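For the record, the sequence lines run as chains A and B.
Residues in the first sequence are numbered consecutively from 1, following the working numbering.
Residues in the second sequence are numbered consecutively from 1001, following the working numbering.
Watch out, some of these pointers could steer you wrong.
As the list claims (entries may be wrong) - In silico negatives: residues of chain B with every beta carbon more than 12 angstroms from chain A: (1) Glu-1006; (2) Ala-1010; (3) Asn-1018; (4) Asn-1030; (5) Asn-1031; (6) Gln-1033; (7) Arg-1041; (8) Thr-1077; (9) Thr-1084; (10) Ser-1086; (11) Ala-1093; (12) Lys-1099; (13) Arg-1107; (14) Leu-1109.
What the hints assert, rightly or not - Computed footprint of chain B on chain A, listed as stretches where at least three residues anywhere in the stretch have a Cβ under 8 angstroms from a Cβ of chain B: (15) 7 to 20; (16) 68 to 78; (17) 100 to 112.
Claimed, not checked - Here are some chain A residues pointing at chain B (derived, C-beta under 8 angstroms): (18) Tyr-31; (19) Ser-33; (20) Pro-83; (21) Phe-90; (22) Tyr-95.
Simulated from the structure, these hints should not be mistaken for laboratory data.
All values reported here derive from a predicted model rather than from experimental measurement.
By construction, the Cβ of each residue, glycine as well, lies at the ideal position given by its N, Cα and C atoms.
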Amino acid sequence: NAGVTQTPKFQVLKTGQSMTLQCAQDMNHEYMSWYRQDPGMGLRLIHYSVGAGITDQGEVPNGYNVSRSTTEDFPLRLLSAAPSQTSVYFCASSYFGTGLEQFFGPGTRLTVL
Amino acid sequence: SQQGEEDPQALSIQEGENATMNCSYKTSINNLQWYRQNSGRGLVHLILIRSNEREKHSGRLRVTLDTSKKSSSLLITASRAADTASYFCATDAGDSSYKLIFGSGTRLLVRP
């Protein structure tokens, strides 16, 4: 199993550009989530999904959209990038919910100029 | 605002010593988890303790949970240089949502 994969690993955007961060898992996990991590800080939850077709907002959802059309994929879309969105983005998954071990991807380092 | 807050923010110890990190949280929880993050990498799950458990062990790790004080501690015994990393606690949000909320972390440096 590849586990949780994220692409790209690095990305530089200009203010106002849009892009999609990809996340995929091959463990048939129902629960998937996106976090951002700013320097010296913990992770903040952006959006999460408890299954295909179901998504919900986390702590810091503004400026981000998600969709979950399949169990495997959970892309994160930046609608109009801003410098405040410069961060490292992590995707995670688990069999179900928050009561189980979360498996994390390697992260995407995003810089918005 | 973050559910969990770790203390201390940074810890430096000598190899072979024990390291203790604490986590405090604000609301009732169903479970609490601890994760490790090596520099520039994703998080790795260490241990999960449920609200009806008081102590749990895994190898050199010992986790305690005091729900009356809304706090947890992670003890790493006989530390090694390879234990150098950031450690985070994570809890459910205490409501009916499926949010997992992370604390700000403790940066542990184990000196050889």
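Hints, one by one, checked against the model:
The beta carbon of Glu-1006(B) is not kept farther than 12 angstroms from every beta carbon of chain A, the shortest such distance being approximately 8 angstroms. With 12 angstroms as the threshold on Cβ separation, the claim that Ala-1010(B) sits away from chain A is violated: the shortest Cβ distance comes to roughly 10 angstroms. Every CB of chain A lies more than 12 angstroms from the CB of Asn-1018(B), the least distance being 23 angstroms, so the non-interface label holds. With a closest Cβ-Cβ approach of about 6 angstroms to chain A, Asn-1030(B) is found to fall inside the 12 angstroms limit, against its non-interface label.
Not every beta carbon of chain A lies more than 12 angstroms from that of Asn-1031(B), the smallest distance being close to 5 angstroms; the non-interface claim is violated. With 12 angstroms as the threshold on Cβ separation, the claim that Gln-1033(B) sits away from chain A is violated: the shortest Cβ distance comes to roughly 7 angstroms. Its beta-carbon lying about 7 angstroms from the closest one in chain A, Arg-1041(B) breaks the requirement of being farther than 12 angstroms from that chain. A cut-off of 12 angstroms between C-beta atoms confirms that Thr-1077(B) is not in contact with chain A; the least separation is 22 angstroms.
Its beta-carbon lying about 16 angstroms from the closest one in chain A, Thr-1084(B) satisfies the requirement of being farther than 12 angstroms from that chain. For Ser-1086(B), the requirement that its beta carbon stay farther than 12 angstroms from each beta carbon of chain A is not met, with the minimum near 9 angstroms. Remark: the non-interface label on Ala-1093(B) conflicts with the geometry, its nearest Cβ contact in chain A lying 8 angstroms away (cut-off 12 angstroms). The claim that Lys-1099(B) lies off the interface is violated: its Cβ sits roughly 6 angstroms from the closest Cβ of chain A, which falls inside the 12 angstroms cut-off.
Not every CB of chain A lies more than 12 angstroms from the CB of Arg-1107(B), the least distance being 8 angstroms, so the non-interface label is violated. At roughly 14 angstroms from the closest C-beta of chain A, the C-beta of Leu-1109(B) stays outside 12 angstroms, upholding its exclusion from the interface. Residues of the stretch 7 to 20 of chain A with a Cβ under 8 angstroms from some Cβ of chain B number 0, which does not satisfy the need for three, so the listed coverage is violated. Coverage of the stretch 68 to 78 of chain A by chain B is violated [criterion: at least 3 residues with CB-CB distance below 8 angstroms; count 0].
Against chain B, the stretch 100 to 112 of chain A contributes 8 residues with a C-beta closer than 8 angstroms to a partner C-beta. That satisfies the three-residue criterion, and the hint holds. Taking 8 angstroms as the C-beta contact cut-off toward chain B, the hint placing Tyr-31(A) at the interface holds, the least distance being around 7 angstroms. At its closest, the beta carbon of Ser-33(A) sits 7 angstroms from a beta carbon of chain B; the interface hint therefore holds under the 8 angstroms criterion. A distance limit of 8 angstroms between C-beta atoms decides the matter here; for Pro-83(A) the minimum to chain B is near 21 angstroms, and the interface restraint is violated.
Given hint, Phe-90(A) at the interface with chain B, holds; its Cβ is 6 angstroms from that chain's nearest Cβ, closer than 8 angstroms. A distance limit of 8 angstroms between C-beta atoms decides the matter here; for Tyr-95(A) the minimum to chain B is near 12 angstroms, and the interface restraint is violated.
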